[in-house]
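2 protein chains.
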Amino acid sequence: MKFSEYFISTLKQEPADSDIPSYSLLLRACYIKKIASGIYTFMPLGFRVLKKIENIVREEMDNTGAIELLMPAIQPSDLWIESGRWYEYGPELFRLKDRNNREFCLGPTHEELITSIARQNIKSYKDMPINLYQIQVKFRDEMRPRYGILRAREFIMKDAYSFTSNEKDLDEIYNKMFNCYSNILNKLNLKYFAVEADTGLIGGKYSHEFIILAKNGEDKIVCCSNCGYSANYQMAQYNPRQEADSLKRMQEQEILEIKEVYTPDKKTIKSLSGYLKVKPQDIVKTLILKNDKNDFFAILLRGDKELNIQKVEKFLSVRLNLVEDKNNLNGLEIGFLGPVKLKKDIRILADYSIKNMHNFITGANKKDYHYLNVNLNKDFTIDSWGDFSYPDEKDLCIKCKSQLKFEKGIEIGHIFKLGTRYSEKMNATFLDKDGNLKPIIMGCYGIGISRILSACVEQLYDEQGIIWPIKIAPFLVNVIAINIENKEIFNAANEIYLKIKNENLEVIFDDRNVSAGIKFKDSDLIGIPIKLIVGKKYIENKKVEIELRKDKTKLNLDLDSAIDYVKKYSLTNSF
Amino acid sequence: MKFSEYFISTLKQEPADSDIPSYSLLLRACYIKKIASGIYTFMPLGFRVLKKIENIVREEMDNTGAIELLMPAIQPSDLWIESGRWYEYGPELFRLKDRNNREFCLGPTHEELITSIARQNIKSYKDMPINLYQIQVKFRDEMRPRYGILRAREFIMKDAYSFTSNEKDLDEIYNKMFNCYSNILNKLNLKYFAVEADTGLIGGKYSHEFIILAKNGEDKIVCCSNCGYSANYQMAQYNPRQEADSLKRMQEQEILEIKEVYTPDKKTIKSLSGYLKVKPQDIVKTLILKNDKNDFFAILLRGDKELNIQKVEKFLSVRLNLVEDKNNLNGLEIGFLGPVKLKKDIRILADYSIKNMHNFITGANKKDYHYLNVNLNKDFTIDSWGDFSYPDEKDLCIKCKSQLKFEKGIEIGHIFKLGTRYSEKMNATFLDKDGNLKPIIMGCYGIGISRILSACVEQLYDEQGIIWPIKIAPFLVNVIAINIENKEIFNAANEIYLKIKNENLEVIFDDRNVSAGIKFKDSDLIGIPIKLIVGKKYIENKKVEIELRKDKTKLNLDLDSAIDYVKKYSLTNSF
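Protein chains in written order, with this note's numbering: chain C, 691 to 1265; chain S, 691 to 1265.
It should be emphasised that the hints constitute simulated quantities derived from the structure, not laboratory data. Fair warning: this is a prediction, and the values are worked out from it, not measured in the lab. Warning: the hint list may mix true and false statements.
Identical chains share a label here; the pair holds if one copy fits it or two copies do between them.
[Claimed, not checked] The calculated DSS-like cross-link candidates involving lysine-lysine, where the alpha carbons are at most 27 Å apart (straight line), are:
#1 866 / 1191
#2 1091 / 1240
#3 1056 / 1034
#4 1258 / 1056
#5 877 / 957
#6 1089 / 957
#7 980 / 1258
#8 1001 / 960
#9 1091 / 1031
#10 1244 / 1226
#11 910 / 1232
#12 702 / 816
#13 742 / 877
#14 723 / 1128
#15 983 / 692
#16 741 / 1161
#17 1001 / 1095
#18 949 / 1258
#19 816 / 692
#20 741 / 877
#21 1191 / 877
#22 742 / 1191
#23 866 / 741
#24 1191 / 816
#25 980 / 881
#26 702 / 813
#27 1084 / 1227
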């Protein structure tokens, strides 16, 4: 491909609406063009990369035995009403009416549609297991589209849906998909984590997220470098650290008698610990949650810990809200709450972080008073123990008690064990070996094709521009003629370009009549892995210069060695 | 691929809503599944064929130097308001609003979007010529979706848009696209015509349609087997035949005097010719057309000819309506109209079909009267001559005067010279060599990917099912084990399957425990080009039977010869 005949126009300026480096770089290097908020065109360069990612995903999916099909983007509302999601999904679902006023949506995902196909074509356990996938455009009317194609309203994704007659087959396909996604990310040579995750709106009982590490990522994950445990921050279980001086005190200090103290206006952990000259870790804080039926729950956490409502909701299997307003508090004293002499109809749940505390401080359920020397079992009892808080840097791995690590990243894939959530509602059943009608067991497995593209850039860039993994770089080599007005140089560069092209290597020839400096800058911005520079040196002593994008390595080689070098480089798993 | 692990369930019954053979066959053979009116899923078999068509189209497009990108399906209304089509397009455009009440449509075509990109990226004549294309899902809310995926509301298409600074470059790209589409259809070994066509809603000044021949096709085309002229029925020009007896009479009979005759209530050509005992070809009929400004036009046609209003509209460059209601006739006598003594402010246009008529019959512009022996120039004069009628089976080629032929077919591609229709409205300009700002000259080129799929079936099927062109058959070979309960046969068939698979031939192994009869029927319905049958003969004397789908040719060969045969067959351009 000749640069002059291609369709690239790079921008020097940072785009006005740039909110993350990958967006800015993809715009500036002419990979994408914004059409409307959250809606983009993949320009020729972007399309090349997108297609390569798609092909890698397809190859790995086919290797697992999954079968490709293509469902429509437009989905009739009836199916979504059957599953219950027509009303659940909210304004993220793009809805439209046809000329006959029938309601449709643009698919953000295809559980309903594939289940409607499965219930027609799957009759018996003999028709399963089967795993069907598609690579397709998806739509989601994001409240706040941002970060370019990372959180777009129209995007490309691969979604797969498995149908099995038993849990064992589901596990097998789930594991295959886990390995498939790992293979995809390994091929791209990306740093990533596969973490346990929440199942969210899709529903189901078990899921993993695949997170590409990137310092600007929206997703926070927790991992253990010792045993390999990892989970997303929301879900992560952990062993709360034992504070060294608390432990010491516990060994040295006896259990003391509870004592009321006057703590005027000290409603926060910060003000209280300052006033009493103790650490937040010596205080137990009490928060009140309320469900739809006006049942109240008290959650006890160590003073330095943050409540994770989702964990409590999961524990109680009920939606909860934090009660912060005094009016809702049933006469309880906000800022001075505690488990001792709490109203009897409030169930007390304790976070594991308070497990080994003693002689601690709590509110006295009385305005401007706290208790000192409160002790579990002696002064109050706990209804249930659980993990209701977020880990922090000093906490320990739930599995091996090693120090935890925190990373940021971008979720690009999500696999779910759905179970019978959709098949039951939509009556997708099969006859088992004994002739009994049972709901089909489902799984679903998504990976974002356009998301991988931007997440790649987010992990791999520098001040000059993008650094693509070899396997998805739009071109492998950029032949740069230093000065095309010098006919000797231009002709030599053109010949070299054709020679490399004949080797079936993906090459672009920057034949523009612009300065070498501009050509170098554009090449680095676009992120082509290898520059092959043809200038006076080549005319004088037949040496071309090779420069690698990833680390600026420079080599002066004769042409044949240079082509050999490029060929070998193309087979590596490098950048 | 093993049949038992694949996702096919064929139907014996004709689907209730089947309206054309291809739809019925594609449904029955499990290529597509209906989701809603005009909305389909491409099942795994259908997806395989779709992908192959897509790849052929992509390869041929890339060979022309066109560059692929991918635009969004959702398009903001602003761009369509700029081009004027937001209001022109009518209810075929799927429209929707986002959560902020902004208006969008789902692209039925992408002239507006690509022009908005071009006006940003193309600044100078040096940035052109360029031809950009995409392969993408398109949406059209058809009034009456029908014929399965042939007239669907969501479909896959390849659309290309060229940008040039001069007409010569446009011509060059147009010709490349013409050849590209011809190559695609030749690769598929289909019978087709490329015909001159009308430009319709897209606009522009010159276009060709590519029509795949099929007896159930909606498009009628006219062609000449002598000189190759072809055009769609609406557009076709022709030389009206000379009736042998009219010609004879003309040579023998003198010009006679005009004579009024009483023709009570004879308002139609049929009733008049019966009453006067003449042929319709001896009568000249007069029809009145009216424009928006209430100007009237009289069109004269030979009695057996049908008016083509579009041709008159094109001739006069004005929208016209046929005046059929007496109240609108300005006092003229419907059923008894004629050019003699017609009101003076009515312009008289004559179709070429009356050119050599003499002593003919016309209305006398008086209730219940006609004239006999009317003659051109003697009794009236004509303002303009033109081609205002449809050709029929006896008419002659406009170019070489050979007999015309009529064919039916399905339009699968359309190429247009758009000129500056969009660039002027949307202000897409460039600086020419002399520094003048000019509108970009555009072309657009569409081919229906999913349409080709169904049009193929519509051209190539028989009572047993589909007959695919080799290049897009979902599988090349079907290995059929006559009886899988016979372990010897099953194992032999399985080995043969693996051997063919290792040769990188696309093979499916029908390993189902059903009768050989069902397997044969399904294979023929699906349309796999080659059946390779493994039964007792193979166990006894190592012969497999090969049967070709297209003509039932049967061969008994040893395995190696059979595989050789399949390999060679795969390289042909056959069915």
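Could you figure out if residue 910 and residue 1232 sit no more than 27 Å apart (CA to CA) within one copy, between two copies, both or neither? neither (52 Å within a copy, 64 Å between copies)
Homo-oligomer pair classification [residue 957, residue 1089; C-alpha up to 27 Å]: neither (36 Å within a copy, 97 Å between copies)
At 27 Å max between alpha carbons, let me know whether residue 1244 reaches residue 1226 within a copy, between copies, both or neither. within (16 Å within a copy, 68 Å between copies)
With identical chains treated as interchangeable, where does the CA-CA distance between residue 1001 and residue 960 reach 27 Å or less: within a copy, between copies, both, or neither? within (25 Å within a copy, 86 Å between copies)
With 27 Å as the alpha-carbon cut-off, assign the pair residue 1258 and residue 1056 to within, between, both or neither. neither (76 Å within a copy, 92 Å between copies)
Intra- versus inter-copy proximity for residue 1128 and residue 723 (alpha-carbon distance at most 27 Å): between (49 Å within a copy, 24 Å between copies)
Check residue 980 against residue 881 for me: Cα-Cα at most 27 Å, and say if that holds within a copy, between copies, both or neither. neither (41 Å within a copy, 72 Å between copies)
Between copies, within a copy, both or neither: which fits residue 949 and residue 1258 at Cα up to 27 Å? Neither. Shortest intra-copy (76 Å) and inter-copy (96 Å) distances fail the 27 Å Cα cut-off.
Given a CA cutoff of 27 Å, do residue 816 and residue 692 count as a within-copy pair, a between-copy pair, both, or neither? between (54 Å within a copy, 14 Å between copies)
With identical chains, the pair residue 742 and residue 877 could be close in the same copy or across copies; at 27 Å between alpha carbons, which is it: within, between, both, or neither? Answer is both: 12 Å inside a copy and 26 Å across each meet the 27 Å cutoff.
Same-copy or cross-copy closeness of residue 866 to residue 1191 [CA-CA at most 27 Å]: Close across copies (23 Å), not inside one copy (37 Å); limit 27 Å.
Which holds for residue 1191 with residue 877 at a C-alpha limit of 27 Å: within a copy, between copies, both or neither? Intra 24 Å, inter 26 Å, cutoff 27 Å: intra and inter.
The structure does not agree with the numbered hints 2, 4, 5, 6, 7, 9, 11, 15, 18, 25, 27 stated previously, though it agrees with the rest.
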